[in-house]
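Q: Given only the sequences and the hints, what does the whole structure look like? Please build it.
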Amino acid sequence: MILHFLTQAVFWFLVILTVGSAIVVVFNKRILHSAFALLFTLCGVAGLYVFLSADFLAASQMLVYVGGILTLIIFGVFLTARMYNMSIPEQTHQRFLALLPVLGLGGIIFYVLNSAEWHLITPMVAPTTENLGKMLLTTYLVPFEVASMLLLAALIGAIRLARPRKEDHDD
Amino acid sequence: MIALEPYLDLIISVVYVVGIVLFLSLFALFATWLERKVAGHIQDRLGPMETGGWHGWLQPIADAIKLLIKEDIIPAAADKKLFKLAPYLVFIGSLAGFAVLPFAANLIGSDLNIGVYYVIAVTSLVVIGILMAGWASNNKWSMYGAMRSAAQMISYEIPVALSLLIPVMMAGTMSMVEIVDNQAGGFWNWYVFRTMPFSLIAFVIYFWASLAEVNRAPFDLPEAESELVAGYFTEYSGIRWAMFFLAEYGDMFVVSAIAATVFLGGWYAPFPFLDIIPGPIWFIGKTAFLVFVQMWLRWTLPRLRVDQLMYVCWKIFLPFSFANLLLVGLWVVLKG
Amino acid sequence: MTNFHVMLAVAAILFVLGLLCVMTRRHAISVLMGVELILNSAALNFVIFSHYTVGNLFGQGMAVFIIIIAAAEAAVALAIFLNIYRTLSTSEIDKATQLKG
Amino acid sequence: MSIIEGRFEPNIIITSVDALFNWSRSRSLWPITFGLACCAIEMMATAASRFDQDRLGIFPRPTPRQADCMIVSGTVTAKMGERVRRLYLQMPEPKWVIAMGSCANSGGPYWQHGYHVVKGVDQIIPVDVYIPGCPPRPEALLDGFLKLREKIEQCTIAKKTG
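Protein chains in written order, with the working numbering: chain A, 1 to 171; chain B, 1 to 336; chain C, 1 to 101; chain D, 1 to 162.
Quick caveat, the hints were computed from the structure, so don't treat them as lab data.
Mixed in with the good hints, there may be bad ones.
Listed below are the simulated DSSO-like cross-link pairs for lysine-lysine, each with C-alpha atoms no more than 30 Å apart in a straight line [stated by the list, open to error]:
| # | chain 1 | residue 1 | chain 2 | residue 2 |
| --- | --- | --- | --- | --- |
| 1 | D | K95 | B | K84 |
| 2 | B | K84 | A | K29 |
| 3 | B | K140 | D | K95 |
| 4 | D | K95 | B | K80 |
| 5 | D | K151 | D | K119 |
| 6 | B | K140 | A | K29 |
| 7 | B | K140 | D | K79 |
| 8 | B | K80 | A | K29 |
| 9 | A | K134 | B | K335 |
| 10 | B | K81 | A | K29 |
| 11 | A | K29 | C | K95 |
| 12 | D | K95 | B | K81 |
Quick caveat: nothing in here was measured; it's all calculated off a predicted structure.
A: Below you can see the structure in the form of structure tokens.
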């Protein structure tokens, strides 16, 4: 009983963490605060993956999103803003105009969520890493290889794009 | 009388967590003492001698109490929220690694089936914490230190992960306990000595890259006193700085413990007849030895330049790790 | 209301918030953060459905691909933003109105 | 000041806590080294293998935020005085200052005609221990630290009376 209660408490904590920090990401005026709030959103989603018995995905989320993408984003902010301006403020535009379609879409999504009849099964809780690996290297081998090629192409392209041009420096 | 039976797991976990936090603090405290002794003896000095009688063993306690009661400065121009948050993130990143360290066959926080991968994943929190600390301090030295540190840690994560994949491949599992169990029975079964010389190369690459992961010399550019004052924690004082310090020594322990687990046979003795000595002693002993080697290197080698640091990672460690990985893969396939 | 519904709601909220972020914010990197929110919500949805309604791992496989694509996208996007900042010295995407570098 | 200081009346608990705190503070004096002139060479010698100030737990820190005391070793010019003061203000409480050598004590050889030299660092920051000499030997600096210990051991966290 108490274990169930604790699990539910952790679950709700993760939900609130995810949603709350996502709100900060969207509405905070300081872009770096947004970036650091994104950290908590990503961690919250990783925690939700654990509840969905997707352990490998949770670790990947931490590794790729937090360790890779988020660091890239923060570096991006540092490199494209005046670094010593502590607030790095940002103006938003058309907030109220944008709210209309977004709220409409959200309403539709929630209506569907509420009205649809889901055929739920009893979820299985088991380690998934091995089966996931087998799946990626048999059924999904071609998409997997394509994704590797995509990563390689993105890597080379990003280096090519971000490199300073010849005339930019003298040596 | 309340029936304790259903809560036993919970109580055990809570006790374990408290124990780990205590262990981390005590280890970090006495590692600072050991570091000063090692530094002293390498430089033909003695290190702390006076405080507390025998070889100054109370020195870390005095330092800790002093830091606890020191004024806690938050610079007026700093970003106060992030400034306060950053030490906790770094500390959590370091502490989370302890969850999967197998002190013995059944003395482990949680034997995750993705153990090795988990450790690599939670270390990312440290990078973000350091970036946060560096930026929130509003100090150019902190900023440079944080940028260097983040660049270095992200780059060196790749050789670390690639070299850790080699024992994972040989064991066929990422669970810490199973990896150690595959190395039972004498030091010739340890992964560092199997598939010579590939796994030895992997071990060396892992150890060097992990030095850069935890910002230790010769890769301690983020804290280079002569150029960056104290790197990303320049503005931190008192207890907040102590948390960074704790996390740094905790990280040293974690990376050494992983090396001991996946390469050096974890809690098993080097000779089977020595197995009467309990596992945790072997495990902590091996880890402490690697920590000692880290200190030894710190006080022996000069610091690298930034471009040399990146050169070593991307042009030496990375190709070697890739070739290594391919060859070990071939070995595993051929052996069936 | 079960965990299933709560998680679906979380995914939906993340999607909506991401959309709002993409639509309202000006700084290029904020827009990128909105895109990350949307991608996260999609991946979360895949995993929820694969766990609760199908019972196999295909949804998780899809989420792995989403993470891979997000990594590639972030790297390329930041390289482009860096170039925009270098040539136009602004990081607001509205100002980048010409294709000539 | 840290949070606990100056809030309690002196009593038996406070005095024993005082003993512990003063012990820790006096045994772990981390100086920010302010090497300004020839005295700095002697200060470095104090840290090196022959005199080994680390025996006493004296461990130099690069940043004022983590330091407990400041060794002003050498000639403080008027221009440097500002920096000395700023770094002193950046140190967290409780903090102490050791003035090392004649220049830092009183202006030294520049006391009369040195238009550019501060006549003693105590004109800009409070000094706890003066070490005479030009420059003082490492033993003198160590003795200065021992004198500072004696001073710290008389501190209390209790409310100041009177």
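Q: It remains to establish, for every hint, whether it holds in the given structure.
A: Status of each hint after checking the structure:
no., hint, result
1, D/K95 x B/K84, "23 Å, holds"
2, B/K84 x A/K29, "20 Å, holds"
3, B/K140 x D/K95, "25 Å, holds"
4, D/K95 x B/K80, "24 Å, holds"
5, D/K151 x D/K119, "24 Å, holds"
6, B/K140 x A/K29, "23 Å, holds"
7, B/K140 x D/K79, "22 Å, holds"
8, B/K80 x A/K29, "16 Å, holds"
9, A/K134 x B/K335, "20 Å, holds"
10, B/K81 x A/K29, "15 Å, holds"
11, A/K29 x C/K95, "19 Å, holds"
12, D/K95 x B/K81, "27 Å, holds"
This entry satisfies every hint, going by the numbered hints stated previously.
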